[in-house]
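There are 2 protein chains.
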Amino acid sequence: MEDMLGRGYAIDPGTALRLLIEKLPSKFLHEKIVKIEDSLGMICSQDIISEEDLPAFARSTVDGYAVKAEDSFGATETMPIYLNISEEVFMGTRPHFVPSRGEACKIPTGGMLPPGTDAVAMFEHVQLIDEKMIEVLRQVVPGENVIQSGEDVRKGETVIPRGRKMRPQDIGACAGIGVTEVRVYEKLLVSIISTGDEIVPAGSTPGMGQVRDINSYVLAAMISASGHIPFRKGILKDDYQSIRAVVERSLKDSDAVMVSGGTSVGTKDMIARIINDIGTPGVVFHGVSLKPGKPMIGGVVEGIPIFGLPGHPAAVSVCFEIFIQPVLALLSGLRERYPQYAARTVDARLSKNVSSSQGREEHIRVMLEEKDDSLWATPVLGKSGLISTLVKADGTFVIPVNINGLERGEIVEVRLF
Amino acid sequence: MEDMLGRGYAIDPGTALRLLIEKLPSKFLHEKIVKIEDSLGMICSQDIISEEDLPAFARSTVDGYAVKAEDSFGATETMPIYLNISEEVFMGTRPHFVPSRGEACKIPTGGMLPPGTDAVAMFEHVQLIDEKMIEVLRQVVPGENVIQSGEDVRKGETVIPRGRKMRPQDIGACAGIGVTEVRVYEKLLVSIISTGDEIVPAGSTPGMGQVRDINSYVLAAMISASGHIPFRKGILKDDYQSIRAVVERSLKDSDAVMVSGGTSVGTKDMIARIINDIGTPGVVFHGVSLKPGKPMIGGVVEGIPIFGLPGHPAAVSVCFEIFIQPVLALLSGLRERYPQYAARTVDARLSKNVSSSQGREEHIRVMLEEKDDSLWATPVLGKSGLISTLVKADGTFVIPVNINGLERGEIVEVRLF
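Just so you know, the protein sequences line up as chains V and A, in that order.
Here the first sequence is numbered in this note's numbering, starting from 874 and rising by one per residue.
Here the second sequence is numbered in this note's numbering, starting from 874 and rising by one per residue.
Derived from the structure by calculation, the hints contain no laboratory data.
Take the hints with a grain of salt, since some may be wrong.
Copies of the same chain look alike in the list, so a pair counts if it fits in one copy or across any two.
Derived pair list, reagent style EDC-like, types lysine to aspartate or glutamate, alpha-carbon separation capped at 20 Å [claimed, not checked]: (1) K1225 / E1280; (2) K1060 / D911; (3) K1265 / E1209; (4) K896 / E1121; (5) K1265 / D926; (6) K1106 / E910; (7) K941 / D991; (8) K1265 / E925; (9) K1256 / E997; (10) K941 / E960; (11) K1265 / E924; (12) K1060 / E925; (13) K1167 / E1194; (14) K1244 / D1220; (15) K1256 / E1017; (16) K1167 / E997; (17) K1060 / E910.
Please model the complete structure; the sequences and the hints are all you need to start from.
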């Protein structure tokens, strides 16, 4: 993992992530039962199977007259068919009458079809003659304007598969089949350890040479936004023993560990050493062909992923999206089909030329601006240590490893923050 | 607002939304103070202004040697310049020594530049001769590899503008300038009233002709997902007096009111009547050229928006996105620049021809599937009353008002759920 100068050997981000995921054992996840109204965004840990047909009875999908379809055959505007009006169907009640052949029953949308009827003629295709008779102006076929019993969900059918992140409609489907509680995986607890002799708490006034802790807040919020629980473990000096102690403790009480700061080459490979010293397999990658984010460390100890994150907020943000979010998604029990498309993106035109070094994947922060009927992306320049560039930016786009740069006017896909 | 048959006159969704927004007065929003770590996704109600320069001192952006840039002028690999090593800069401390001309001080990334130095030569461009001397192999210019005092944020600068929905980096920026609490707008309280003689609670066993309440769960989850607080007011029979009473009460205790069910034409225009009877301006639109969602009602009473939603879950979902989400965003104090691009979308090829009636905007539910290196969107067919089609679908795409349909192979933009 090191080149001749003892520096981390930079592999590409995709390979780094793959290597790390290979080292992660499949873990037992804790489960709990929650009310469906509290399950939004949680990962369902059971196949939810319907114990009944939905709907339980044939329902009308329109306002109209329930008929025996045969009775309407051949009806047209010029040659309407006359039917006698039978009793009316009311919402929420079972029609206890049995219409005779040649009879039609007024029925609202959602109403239960009376016995013997199998289709509904819409009001629009019916003319009322008097209180006792209608003209049907268009024939209906059996099943027309009707949802059959079991057409929505069949008894025994899996409505929500295990591993689904519960969406509003999934919660609605549970309600529809009478399931008011679901088993879900517990959220992941993610430890965040800030390191650096220069770091002081956000609430304090830094002395000269000191700066406030930014990264633990950025990381905690990104962890929350991804549906997990951040667990901030405080700020530590760059001291091997104290950092090691907190990392070891975090392996016991959390599902993933992030150490922010202390990952630059040179004086600062302490985090990698700690990860290797604590257990196996230890460091899986150290250094990736990524900008910002080059000094990123990924490791696994006792089946738990440990990430060493660069000190710059912009790098933290990119590394979280590329490495941490997919790993947490995997650990959380999520089995969604298209998580890779889950980012909110928008196409925009580059407002200026952007160069990039070949051999690394570069993430460029941009501001979006609407001008001349186009959406323009303007790179937010500034050194990578700045938080203000992240606040000004609306999102990022990626220049892939093998591209030297892009020209003004080219379309880029901006991943929104 | 009514055509000759007394039915709602269908205007296009964009116009309907605009008309409704015009009737909404700008309301006083309640504020509260929260810790920054609890502010994710909340709307900031104040301009957050920095009371200090960030950083407070010039910092190195690399590991290297702090120098007076002039001392390096002309240095090349073949003609290096020799500098004496002065004291070392340590993280988090103010260097109390003053290097002489011709001296260089070892400095870590983030370290404070010693007085008299104005640039940093990276380790990569320096050769160590012995403990007391380095060769500089490339000249540096003043400011090179340095973040100047105030370069990130200037004292007096607005870091977070009022109306910003707090993102992780915004929270980090607050931490960076020592702001640990922020004023935010209170979340909106949104009442949900389910109506329908056929509707029973999700936890009960419906009799014949009855169905369980699905929509209040779908709506509540969509309200939560949008950052607001749902307030479910129970299930009411289709009775003018009881619905009116709960709507009137909800105008007092919530910021918006949704009534689900009871909006079809014919026997069921009771909700529109109630909205008009309670106050002014009352119903703003009733019926839109939208599928699903045609019978949608939008109204305003006492400055509070009231929505009458169709009974079908698929229509509820579309109407929420088109009408309710933008109105709630507006009411919540959000002033984001690009909310209209906020959806997660993905391009996919249609796997079959889809027809559409001209004159209405049609929202088609699709499943996504990767096949032959392309992403394909397959319409999820099924009558609009079904919840299972919503659960099977990954998202929707829109056929605009003036298009008759789309052909297999055409690219559509799928808005993911």
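Structure-based check of all given hints:
Taking CA atoms no more than 20 Å apart as the test, K1225 paired with E1280 passes inside one copy only; the shortest distance there is 7 Å, against 37 Å between copies. Taking CA atoms no more than 20 Å apart as the test, K1060 paired with D911 passes in both settings, with 13 Å inside one copy and 18 Å between copies. For a Cα distance limit of 20 Å, the shortest separation of K1265 from E1209 across copies, 12 Å, qualifies, whereas the shortest one inside one copy, 32 Å, does not. Within a single copy, K896 and E1121 get their C-alpha atoms as close as 19 Å, which meets the 20 Å cut-off; across copies the closest is 59 Å, which misses it.
With identical chains, the CA atoms of K1265 and D926 are at most 20 Å apart between copies only, with a shortest distance of 17 Å across copies and 53 Å within one. Taking the shortest Cα distances, K1106 and E910 sit within 20 Å of each other only across copies (14 Å), while inside one copy they are farther apart (32 Å). Taking the shortest Cα distances, K941 and D991 sit within 20 Å of each other inside one copy (5 Å), while across copies they are farther apart (92 Å). Only between protomers do K1265 and E925 lie at most 20 Å apart by alpha-carbon distance; the minimum there is 18 Å, versus 53 Å within a single protomer.
Only between protomers do K1256 and E997 lie at most 20 Å apart by alpha-carbon distance; the minimum there is 19 Å, versus 67 Å within a single protomer. Taking CA atoms no more than 20 Å apart as the test, K941 paired with E960 passes inside one copy only; the shortest distance there is 14 Å, against 98 Å between copies. Proximity of K1265 and E924 under a CA criterion of 20 Å is satisfied inter-copy only: 18 Å between copies versus 52 Å inside one chain copy. Proximity of K1060 to E925 under the C-alpha cut-off of 20 Å is found in neither arrangement, the shortest distances being 31 Å within a copy and 38 Å between copies.
With identical chains, the CA atoms of K1167 and E1194 are at most 20 Å apart within one copy only, with a shortest distance of 14 Å there and 40 Å across copies. For a Cα distance limit of 20 Å, the shortest separation of K1244 from D1220 inside one copy, 14 Å, qualifies, whereas the shortest one across copies, 24 Å, does not. For the homomeric pair K1256 and E1017, the shortest alpha-carbon distance between copies (11 Å) is at most 20 Å, but the shortest distance inside one copy (66 Å) is not. Proximity of K1167 and E997 under a CA criterion of 20 Å is satisfied inter-copy only: 15 Å between copies versus 67 Å inside one chain copy.
Taking the shortest alpha-carbon separations for K1060 and E910, both the intra-copy value of 16 Å and the inter-copy value of 18 Å come in at or below 20 Å.
Of the numbered hints given earlier, the model fails hint 12 alone.
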